[in-house]
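Asks: Chains A and B are the protein sequences, given in the same order. Sequential numbering of the first sequence, starting at 1, is according to the numbering used here. Sequential numbering of the second sequence, starting at 337, is according to the numbering used here.
Just so you know, not all the hints are guaranteed correct.
Unchecked claim - In the DSS-like style, the derived pairs of lysine-lysine whose C-alpha atoms are separated by at most 25 angstroms in a straight line are:
1. B:K343 / B:K491
2. B:K368 / B:K358
3. A:K235 / A:K291
4. B:K382 / B:K343
5. A:K290 / A:K235
6. A:K291 / B:K627
7. A:K22 / B:K343
8. B:K399 / B:K343
9. A:K63 / B:K399
10. B:K646 / B:K571
11. A:K22 / B:K627
12. B:K368 / B:K382
13. A:K290 / B:K358
14. A:K160 / A:K235
15. A:K22 / A:K46
Hints listed in this document are in silico derivations from the structure and should not be mistaken for laboratory results.
2 protein chains.
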Amino acid sequence: MTQVLFKEQAWRFLNDLLQGQKAIILCDSNTKQCLEYFYAACPSAKQFPVIEMSAGELQKNLKTCEMVWYQLTEHGADRNTVLLNVGGGVVTDLGGFIASTYMRGIRFVHVPTSLLGMVDAAIGGKTGVDFGGLKNMVGLFARPEAVIVDSNFLKTLPSKQYRNGLAEVLKHAFISDPELLAMMEENEDELISRSIQVKMDVVERDEFESGERKKLNFGHTIGHAIESYFLDGEKDVLHGEAVAAGMIMESFLSNQIAGLSKEELASIVEVIDSVFSRIELSGDDWKAIKKLMLFDKKNSNGSVRFVLLKSIGHAVTDQAVTEHLLDEAFHFYTGS
Amino acid sequence: MTQVLFKEQAWRFLNDLLQGQKAIILCDSNTKQCLEYFYAACPSAKQFPVIEMSAGELQKNLKTCEMVWYQLTEHGADRNTVLLNVGGGVVTDLGGFIASTYMRGIRFVHVPTSLLGMVDAAIGGKTGVDFGGLKNMVGLFARPEAVIVDSNFLKTLPSKQYRNGLAEVLKHAFISDPELLAMMEENEDELISRSIQVKMDVVERDEFESGERKKLNFGHTIGHAIESYFLDGEKDVLHGEAVAAGMIMESFLSNQIAGLSKEELASIVEVIDSVFSRIELSGDDWKAIKKLMLFDKKNSNGSVRFVLLKSIGHAVTDQAVTEHLLDEAFHFYTGS
Chain A
1 MTQVLFKEQA WRFLNDLLQG QKAIILCDSN TKQCLEYFYA ACPSAKQFPV
51 IEMSAGELQK NLKTCEMVWY QLTEHGADRN TVLLNVGGGV VTDLGGFIAS
101 TYMRGIRFVH VPTSLLGMVD AAIGGKTGVD FGGLKNMVGL FARPEAVIVD
151 SNFLKTLPSK QYRNGLAEVL KHAFISDPEL LAMMEENEDE LISRSIQVKM
201 DVVERDEFES GERKKLNFGH TIGHAIESYF LDGEKDVLHG EAVAAGMIME
251 SFLSNQIAGL SKEELASIVE VIDSVFSRIE LSGDDWKAIK KLMLFDKKNS
301 NGSVRFVLLK SIGHAVTDQA VTEHLLDEAF HFYTGS
Chain B
337 MTQVLFKEQA WRFLNDLLQG QKAIILCDSN TKQCLEYFYA ACPSAKQFPV
387 IEMSAGELQK NLKTCEMVWY QLTEHGADRN TVLLNVGGGV VTDLGGFIAS
437 TYMRGIRFVH VPTSLLGMVD AAIGGKTGVD FGGLKNMVGL FARPEAVIVD
487 SNFLKTLPSK QYRNGLAEVL KHAFISDPEL LAMMEENEDE LISRSIQVKM
537 DVVERDEFES GERKKLNFGH TIGHAIESYF LDGEKDVLHG EAVAAGMIME
587 SFLSNQIAGL SKEELASIVE VIDSVFSRIE LSGDDWKAIK KLMLFDKKNS
637 NGSVRFVLLK SIGHAVTDQA VTEHLLDEAF HFYTGS
């Protein structure tokens, strides 16, 4: 497994790794402000060229890849160069893909600067970009040399972005570790490391998503489709907001067919609603979102399978759901 | 290692693999004429959609990838779909890259229809496309499910394309198996399978090119640069022609610094000249070609290292060559 390292230990490791090493930094127009702290924590990184992409999920595309690949050649990056991905999920997803395909693969290190990056995107070896309006359609599994986790990056993170990451922490609580819920207001470092541990445990048992790893898709089957649907529209829906909506609907489905009790459903909805506002969805939105679900890459052979909860802390995979029930979940969510 | 299967046995394997399987065929505007024989040999493939790209090394780029990825989504390809790459090195290089990055990787089978594809491109797990005027700049290592080798595809191959593959057969002879030279006029099937065996033996010992595999780059350090140089110009220089030129120059270097005898150099040059015409190169061409060599992805840290021959059948890697000697090799080749 990839090494996930925290704070002082992480920076010592990275500083050592970069001694006498050729490296290039990838960040985006938002996360370049994180470089000041990054350089302070890892002085040996100051000397390296910086490639800056524009911020936002809409930039996670092949056009940005071409820009970055091109700049790597311009900076003379060769097979021994290390790519340092400093940023949120977009930078680490795209940077991991870039590195794994540049000259058939160079080494890379993730330095996540958002909560979503730390507890989810940078962990587990998935890389990729969006394509044809579909999330992560082009990408591959590839392991970073290390993931450098330091919650100091979060001090300047906007609250909307912080919530974006909390959706995944909540998911980790619901599928595996309910005690995370009690930590949310308390020790941030422990919340992060424990949430990472949930994901790493699952990934370790099933790196290439043939079984167990599917559990991490709780809330994401509907959530991804909602996110894709709004991807190039006017409404700005973050990944975490879409997943929060997906978790409410999929918890409803869990109550209907997977054994989740009414009380547990209510408590899940209460926790999610305490962090996220509901997304306004019309009947037409819903029709389009259902269509996108059929294209989610986890849905084989044209049928949609869900990860549902039999109780809080226990997920079950490959649950078939009728379209009628899916529509009921939509009504449950919108109150319509 | 990947299974490389021949003729009847190969077709039986593929027919079985495709039973009840969703698959899509990738070919190009030249190799679509091979589909008739392909369907006859593998009837279960008739039912699958065909994606056709334009032929030629110039099409081995990200724009073509986008077209193919898009068509895969249009055909509803999912994680269980198998991509069948029917064509020469361009189709198998690009198709392997497409498959390994579509939805983070689907299975693929190579069906090489050119000699170059059979003895080189389809063997060894390298995939990729050209980028920024540089060969195979974007790509990765990925193994096909199987490589289906059938020399019947070569019956309609133009002689220029056949020579394109012979360059790699000659290379395999020079670096490891001189007896291949005696087979050139005789048993084609044995020439192919024995040439494949040379490559597979090397790749098996060093899949990710940290040492031994570099031997396969004999003739390619200069050859790749020549090919890149002519890539978007008017002169049509095939990979094999460029490599043939590279092998003559690098054999000269081998004689100067690696112990290759004068007689062996002469016999290498004679064999190559019996198959390939010399490429006309001016002094300005040569300057540009030298510059490109510095960007070859095998050249770490800005220095150019060569694979040279200490004798026919024995290659040595990581040989440093001065620019002066490089210029002499150019004069040796052009007779200037």
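Asks: Hint by hint, work out which the structure violates, then give me just those numbers in ascending order.
Replies: 6, 7, 8, 10
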